[in-house]
Structures are given as structure tokens and as C-alpha cells.
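Asks: For reference, the chains in residue letters:
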Amino acid sequence: MGKKTPLYKNHLASHAKIIDFAGWDMPLHYGSQLLEHQCVREDAGIFDVSHMAVIDIAGEGATSYLRFLLANNVDRLIPGKALYTCMLNEQGGIIDDLIVYKREESLYRLVINAGTTEKDLTWMQSCIKNFPATLTKRESVIIATQGPKTVEKITAIFPENVHEIAQLKPFHALSFQEFFVARTGYTGEDGFEWILPKEKAADFWQKLIEKKFSPCGLGARDTLRLEAGLNLYGTDMDETVTPLESNLSWTVAFEPKERNFIGRLALEEQLKTGVKQKLVGLVLEQGIPRHHHKVIVEGIGEGEVTSGSFSPTLKKGIALARVPQGEFDRCVVDIRGKKMIAAVIKPPFLKQKRG
Amino acid sequence: MSQIPKTLRYSKTHEWVRKEDDHYTVGITDHAQNMLGDLVYIELPDIESHLESGQECAVVESVKAAADIYCPLAGEVIEINEAIIDNPQLINEDPYGQGWLFRIKPFENTNIELLTAAQYTQQVASEAH
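So the sequences go chain by chain: Z and S. Read left to right, the first sequence gives residues -3 to 351 (the numbering used here). Read left to right, the second sequence gives residues 185 to 313 (the numbering used here).
Hints are supplied without guarantee of correctness; some may be wrong.
Listed next, with one range per pair, are the computed distances between beta-carbon atoms [claimed, not checked]:
1) Z:K311 <-> S:N293: 25 to 33 Å
2) Z:E156 <-> S:A249: 55 to 63 Å
3) S:K203 <-> Z:Q202: 15 to 23 Å
4) Z:K13 <-> S:K203: 57 to 65 Å
5) Z:K311 <-> S:T191: 51 to 59 Å
6) S:N218 <-> Z:E264: 17 to 25 Å
7) S:K203 <-> Z:E235: 39 to 47 Å
8) Z:I205 <-> S:E266: 48 to 56 Å
9) Z:G322 <-> S:N293: 52 to 60 Å
A partial selection of chain Z residues facing chain S, derived with a Cβ cut-off under 10 Å [said to hold, decoys possible]:
10) S10
11) G283
12) K290
Hint data in this document are derived by calculation from the structure and do not stem from the laboratory. In this text, a Cβ means the ideal position worked out from N, Cα and C, and glycines have one as well.
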């Protein structure tokens, strides 16, 4: 038996099919992954993502610590704003990807992946030693409300705060009552992620269900994030690759030059010698590409599918794939011995509606 | 609990078989479609193709995974279910009815070794542990 979030009983009551995910018993779907996917694209859904970890960094050294720890630069943040970033090792390999929120001048909140939590904490503890800052893991629940009708449906739950919630810009957050709410997500749709105390979780979840948010599982979360062109840690990237090989160059802040962050030297070296591979999107008219399928780029070389699935919105096979550098707009995917042609695109697969 | 009709025969690899006149209709079990989740893509054998028992002959893909279908008996494919190619979810909705995969006419002297519903029920139960 794996770890259970405080919402486990709610999931069972909604007939969730439970699977193991990084040691957690999590809902895969509540009947139909495809309907849940569609619901988030057209209406509004909710996800229990409490398996992810919430970490607060506080103290006068918090900013300088995070300037050193993270590849993106928290100097860009004012209180209430968030940033997507990678945390790298000395070789530039990706230890994890995360969102960092600046809450106050010397108070930050990080949300990290479930499968990497222990590893991340060990790493972050070892790096914090020389900084006057503390690191605290919070026992919280995280619920994501995602989809075009999110704001409309939230209104009835928070009549007094609806204005400030609705006014939140993408990648901004605010706190009220016992809620921490951010206009972020992992689906490519408008929506929020809510961090709240464990004791409040079941009540809030129930309110959302009453307002006709559909519970959605990790299955739909995966196809939604893939259509949105968002990487999944452990699948599309890990410690063996750098952000420059993972379509995440935009998250690395090389300016200002004097900021020394972990992995910087390795990335500069890689830029100098040339980045050998890149992460691209593939769209197939026939066949469904899957993780580890071989990708052949004629005259250039071979690569591999890192994430592949059927796109419920496009009704086609789509994939993220790591391929050799070069200019090409077509390749071939070896799907169980069959050579299928794929168009090469820059993710996302769907036009972004938010932002 | 998934349905396992008593009137059908089953393979260890989760196909079902129904005898109809001189041929057999083949599909995947309710248990199999449940495990796979929403199906989105189907590849069926060619009509008139000759298949051996246990041969990989079709692929059903759900959103997340592809599963091979093994032919439960040796014979010649005489009909395939075109409807599921356009609407793979028929298999999820009606695995023993509209979601059938193909019809096969056994070769002469074909030895057909399949599980009864009771035996298949037992197998599904043992896989759950």
C-alpha cells in the first residue's frame, strides 16, 4: 500500500481507479480519462495533486540561496509572483523542475515533484548550509482547478474574495483565509492551484464537486500536459540532460553574468561546444508513439520518444522526442516495427488560450 | 467486478471466443478493456489472412498503452469489425457485443484449447493477488 493523500476517501467515493504513482495511491481516472480530458478543455475539472511537496524557504538569506540554487533568477520576482525553473546539479543535469513563488521579501514557496521529493530535500539541505535561511516542508494539500469555466464556478464558493481571485494574472499568487492560491497549472488551460491545510481539504473538495467541477485523474493530467507541450520530470528530462536539451533554455537566466548558480559553468561549456540534441514535438497522422520508441531523422541521426500518447483533442498520436540538432520538419517513428511519418513541431500542440 | 459470460470461451491472454455456425467471433474481455481504459486506436488483421493459435494478430491501444491481441485459435479471418476502427470505445462500452474484433473460420482439424468461464474467472482472480 502506498501513501495516501487526505482526499483518498473522496476519490474512492467518486469511484476512482487507483494506481501507484511515485509511492502514492493516486486516482488514474474516475471512469473515463477521455471525458475528463475533454471536461478540462471545455468546462472545468479538479485534480488532487497533494503528492507534490510544498517547501517554504525563509530568512534573510532566502533570496541569495535561491539565486544560487535555481537556474532561473528569483530576482525577477516581486511578492505575489511565481517563476518556473529547473534545479540543476553541477553538470547541468536537471535534478527537478519546480515553481517558486515569492510570498514576501524573504519568504518563498517551492512546489516540487512527488517522485523527487526526498532527493530534492537532501540536495536543497546540502546547498543551504552557507545561507542564513531555513527550509520547511509543509504538510499541505494541493488541488488544481483547471478549465475555461473555472472562474465562473469558483465565484459561488468565495463570494467575498472572488474579485481578487479573478483578477490574479497568470503566474501570480495570493493568500487569503487559510488558502494559498496561484493562477498556475499543468494543463494549458486557465485555472488555479490551491494549497491548503490538510484538515480543510475534504470540505473544499466537496464544495468544488457541488459546483460541478469534475474530478480528474493523473491519466487526463498527462494527456493535457502533453498537448500543452509541458515536460514531465523523469520522462522528458532527468539528471542526464540539461535544460538546453529539453526545450527549456528560456527558463535559464544567464543574465546577470555575475550570478553564480549551480550548473552554470556546465551550461556555458555546453553552449560553447554546441548543444547536440533537442526536445521537439511530433504529430502523427497514423499510429500512436510511445515512450522509448525510436525516432529516425534521415541523413541526421536517431533519437527517442520521451512522452507519447493519443491526443484526445487533435485525435492523433503526439509525442515529445529527443532528437539530434539540425533543421528538419519530418522524421520517422518506429512503432513496433512499423515506420510511421511524423511532422516535427515546436510544442505546444494546441494553441495556448491562456496568458 | 467485470463480466465473464458463461456461454463464451476464453484465452489466457484475455480474448473471448463465441462459436457461431462454422466460425468463431473474437473479442477482448470486459476485464481486459477495464485494465486498458479508454481505447483510442485499433489495428485488425487483414481479411483472408491465415493465423496460428497464439499469433499476434491485432493491436488495441488505450490512451496510455498498446496491447497485443493473440489469436485464440488457428484459422482464416473472414470478417473484421470496421465499426471499432472509427469508434474504438465500442469495445469499452460493449466488449461482448458491438465491440467484437474479428471472425475467424478454423482450419480443418484445428485443435481448439480454450478456458471455460469458470477457469477464466479463476485466472482473473489469481492475477489480482
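Asks: Output the numbers, in ascending order, of every earlier hint that fails for this structure.
Replies: Of the numbered hints, 1, 2, 3, 4, 5, 6, 7, 8, 10, 12 do not hold.
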